[in-house]
Structures are given as structure tokens and as C-alpha cells.
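Asker: Residue-level listing of the chains:
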Amino acid sequence: MIWLDNAATTLTKPYSVGAAVARAMREAASVGRGAHRPGALAAETVFEAREIADSLFNAGGPERVVFTCNATHALNIALRSFDLKGKRAVVSGWEHNSVVRPLAAAGAEIVPAAGPLFDREANLRAFERALTPDTARAAVCHVSNVFGFILPVEEIGEICRARGIPLVVDASQSAGVLPIDLQGVGADFIAMPGHKSLLGPQGTGLLLVGENAPIRPLLAGGTGSVSLSREMPDFLPDALEAGTHNVPGIAGLAEGMRFVASRGTEAILAHERGLAREAARLLERTGRARCFISDDPDAQTGVLSFEIEGMDSQTAALRLGEAGVAVRGGLHCAPLAHESAGTEGTVRASFSVFNTLSDAEGLARAVARL
Amino acid sequence: MLNYFIMCRSLTYAQKAARVLERSGIAASVSRPPAEVSGEGCAYAVRIAEKNLPAALVALKSAGVPSGKIYMTDRSGHYSEVPG
Chain F
267 MIWLDNAATT LTKPYSVGAA VARAMREAAS VGRGAHRPGA LAAETVFEAR EIADSLFNAG
327 GPERVVFTCN ATHALNIALR SFDLKGKRAV VSGWEHNSVV RPLAAAGAEI VPAAGPLFDR
387 EANLRAFERA LTPDTARAAV CHVSNVFGFI LPVEEIGEIC RARGIPLVVD ASQSAGVLPI
447 DLQGVGADFI AMPGHKSLLG PQGTGLLLVG ENAPIRPLLA GGTGSVSLSR EMPDFLPDAL
507 EAGTHNVPGI AGLAEGMRFV ASRGTEAILA HERGLAREAA RLLERTGRAR CFISDDPDAQ
567 TGVLSFEIEG MDSQTAALRL GEAGVAVRGG LHCAPLAHES AGTEGTVRAS FSVFNTLSDA
627 EGLARAVARL
Chain G
336 MLNYFIMCRS LTYAQKAARV LERSGIAASV SRPPAEVSGE GCAYAVRIAE KNLPAALVAL
396 KSAGVPSGKI YMTDRSGHYS EVPG
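Residue numbers (my numbering), protein chains in the order written: chain F, 267 to 636; chain G, 336 to 419.
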């Protein structure tokens, strides 16, 4: 099988990831719940993972790295940290439901700000215009999960800082692919999954918490600290990490992050982007596909959406799957992105650091046979 | 040998403090002190040797790592607070 659904989950991981998961399952217990050796190993494993993430994302200290179940969990913590009922929340036009639904659940007035696909400058200006003085919160994805469009997050962060508007960044499609700098962007929160380009196991995620971010626990429970109090601790990371950690998952995630750090995001992005652009060229040559590819290579990652002439995207994805090519069809949980692009669903091929040119060629061959 | 315990508000802060001290060449380990000195319960501390206390406090301060009360233990294991 050719696995090109890496924007959902990377299936191929470094060997060290699985080995670390297996070791933690055998030897590590719970963090901060005992003075025994398995407890100490769990504590050391999780702290090392915090240190790696702190270094990779310039979080400002290991305590500012919070472990979550996934990016959605992290985004829910971040977006629910403010009272948003009836308040204006500006988002990009490319957001996933993991941003839109928590905002809707909080009763926010959601204001999407979109420009043309792959036009970073126009999207920046649209976002800037939407940030009126009554804006309570801004949320933006770093990269669109549908089109691989890289949004100008640093510039958006600068505008939000200047206007005093708290910013949440969804780095689900950029963590492990693009440089991420919490302190540099100045966001209150940056959320990311562990199981995509950070190459960790499913069930892992990270929330980076900025220096001035409000801390409002989404869950309450045991933390192994200030246990006589009925209130959650008011310090990080304990305030946002109730309950037992996913120690095997975090152990695997640490190895995934080590791999990313050793390769470097620049090399990973160049590899994935190169494959996506080659796939687009080959797909266009079949005469069956219309690809969403940016004229500006810097505006797109290794995520490639395309449409098959005369065929629904779900059907196309199903038939490609039967032919041994794993892609995704439909809305990709991001109806807002399709609304912004004027599409009703696409087929998405997303490349990882472990894909090769032959995978792009295999995709094109399978599309030609549809 | 006398040991000093620098109280930290959480396990993560204790681990962070221990890392800072190790990088400064000071042997340190994370420890769970007994209930009598644990305040609100389940506290953590960094244990260091008596001779390293001044250097440890300087290292933690320069790294911006907050430290809490300091206790020492005598040979019988009794904890007593070290005046600041």
C-alpha cells in the first residue's frame, strides 16, 4: 500500500518510536504517583519529552509544555480559557472543525477572514481587517489541512500582539514540518498533535502555553501535587494535566520529536513539498485531475488536494484505496476551508518524510486508471 | 552527611531545578519529602549536599527557577527549616 494520508496520521514512524512505547509499557508506571523505580522512569520519560518540545518549539520552559490526548483536546483547553459567550472570535477561512466547533460551543460569534487560496498577503490583510477593537480572541491554523496552504502566522501574531488580542495557533499540520516558535509568535497557545508529522503514536498531543496565557483547567482531578486542596493547582503543567499521563505515548512522541530535530524541519519540508509538487505535475499529465497547487512554492507544504473530473472525491478516494493508494476524500473536517476555496470536497494526498518519488508516481498511475 | 532539600511546587519544577543544578556541576536528585514539610500535600524537593547550597541557590536564581523553603536533615532523618 502507498500511504498518502499522512495529514491524518503518519503510519510509518522511526523504529525508535515503537521501541520507546514498548519499553514504557513494560517498565514505566505513572508520573508523580510513587517513589518506586517505575514511577521514577515515568517521571523522567515525560520530563525529557517536555524538554525536547521546549527546545524544538521555544516554549520558554518545560513546564509550558502540556501533554494532551490530541490537538483537539489541546485546542479545547486553549479556546475555553476565555469567556467567549457572545464575543467576537476571528478565525482564518481555512480552519478545521477542531477550532470552529469549540468556539461555537463556547457561544462565540465566529468571524472567518479569508482571502484567495495560497495568497498569503491577501489572507493577512483580511485577518487584519477582521480584527476590530471588540475582538475577544483570534485563532488561526498555521497550515490548512485541506490544501497545505501556509498562513502567515508570524505576521498575524505580530498584529494580534500590537492590538492586545489573544491568539491561539493550530499547528496540527505544521508541527514537525515548519519551524514553530511560541515565544517568537507571541501566541497565548499553540496546539499540535503528536501523531502526524511529529511521528509519535495516536493519543498524543501538545499544548504550548504562552507566558501571559490564562490558565483554566478543562478537566479536574489528581495531579500528584498540592493534594490536600480541592482546587486544581494554579501552576503549569499540573493545572492542565489532570489524571494519569499516556506515558507510553509520550515516550514514543519524544522519539518522534528527536527524529524531527535531527533531520530538521527545513529538510523535511523540502522533501515533502518536492514530492507533492511532482505528484501534481504527474497528476495533471493524466488529464483526469485538477490540482490545487500554489504558484509560490513557499506557500504550500506537502499536502496536495485535487479533484477528479466527473467523479465525487469520496468515490475517487475509495477507488484509489482499492487500488492500494491510501488518500482521503471529502471535506477533511474543514467545511470552512472548502467554503473559502469554493470547493465541495477534494481528494487529498499528503506526503511524509518517509514517502518516496515512487509513491507519487504510484498515485498518478492509479488516478490514470480510474 | 547533611542533606539540604529545596522545596519545589511540583514534580516538573523539581525536575527542572535538578537539571539546572546538574548543568552547573552540582549533584542533585528529585525527592519527595515527608508530610511534615509538604504543606498542601504531595510536594517535591531537590536534594543536594550541604556544601553545595550557596552555589545551588545562585544557579537556580540565575536560571529563573523559583525555589521554595529549604530544609535540612540531620543523621536521625529529622527535618528542620533553614532560615532564609
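I should point out that these hints are in silico values taken from the structure, not numbers from a laboratory. Take these hints with a grain of salt, some might be off.
So, partial list: chain G residues that the calculated Cβ filter (under 7 Å) puts toward chain F [stated by the list, open to error]:
{"no.": "1", "residue": "344"}
{"no.": "2", "residue": "346"}
{"no.": "3", "residue": "347"}
{"no.": "4", "residue": "362"}
{"no.": "5", "residue": "364"}
{"no.": "6", "residue": "367"}
{"no.": "7", "residue": "371"}
{"no.": "8", "residue": "377"}
{"no.": "9", "residue": "396"}
{"no.": "10", "residue": "397"}
FRET-style restraints, in silico, Cβ to Cβ [what the hints assert, rightly or not]:
{"no.": "11", "chain 1": "G", "residue 1": "403", "chain 2": "F", "residue 2": "527", "range": "28 to 36 Å"}
{"no.": "12", "chain 1": "G", "residue 1": "411", "chain 2": "F", "residue 2": "304", "range": "29 to 37 Å"}
{"no.": "13", "chain 1": "G", "residue 1": "413", "chain 2": "F", "residue 2": "285", "range": "28 to 36 Å"}
{"no.": "14", "chain 1": "F", "residue 1": "306", "chain 2": "G", "residue 2": "407", "range": "33 to 41 Å"}
{"no.": "15", "chain 1": "G", "residue 1": "358", "chain 2": "F", "residue 2": "544", "range": "26 to 34 Å"}
Ideal Cβ positions, reconstructed from N, Cα and C, are used throughout, including at glycine.
Asker: State for each hint whether it applies.
Answerer: Verification of the supplied hints:
Checking residue 344/G against chain F by beta carbon gives a least distance of about 6 Å; that is within 7 Å, so the hint holds. About 4 Å separates the beta-carbon of residue 346/G from the nearest beta-carbon of chain F, less than 7 Å, and the hint is met. Annotation: interface hint on residue 347/G holds; nearest CB of chain F at approximately 5 Å, less than 7 Å. Among the interface hints, the one on residue 362/G is violated; its C-beta lies about 16 Å from the nearest C-beta in chain F, farther than the 7 Å criterion.
Interface hint status for residue 364/G: violated, as the beta-carbon distance to the closest one in chain F is roughly 10 Å, over 7 Å. Checking residue 367/G against chain F by beta carbon gives a least distance of about 5 Å; that is within 7 Å, so the hint holds. Here the hint on residue 371/G is broken, as its CB sits about 13 Å from the closest CB of chain F, past 7 Å. Below 7 Å, beta-carbon pairs count as interface contacts, and residue 377/G has one with chain F at about 4 Å; its hint therefore holds.
Given hint, residue 396/G at the interface with chain F, is violated; its Cβ is 15 Å from that chain's nearest Cβ, farther than 7 Å. For residue 397/G, the suggested interface contact is broken, since its CB lies about 14 Å from the closest CB of chain F, more than 7 Å. Between residue 403/G and residue 527/F the C-beta distance comes to about 33 Å, which sits within the given range of 28 to 36 Å. Here the CB-CB span from residue 411/G to residue 304/F is close to 30 Å, well matched to the stated 29 to 37 Å.
For the pair residue 413/G and residue 285/F, the beta carbons lie near 45 Å from each other, so the given range of 28 to 36 Å is not met. Residue 306/F and residue 407/G have their C-beta atoms about 23 Å apart, which leaves the hinted 33 to 41 Å range violated. The beta-carbon spacing between residue 358/G and residue 544/F, approximately 45 Å, falls outside the hinted interval of 26 to 34 Å.
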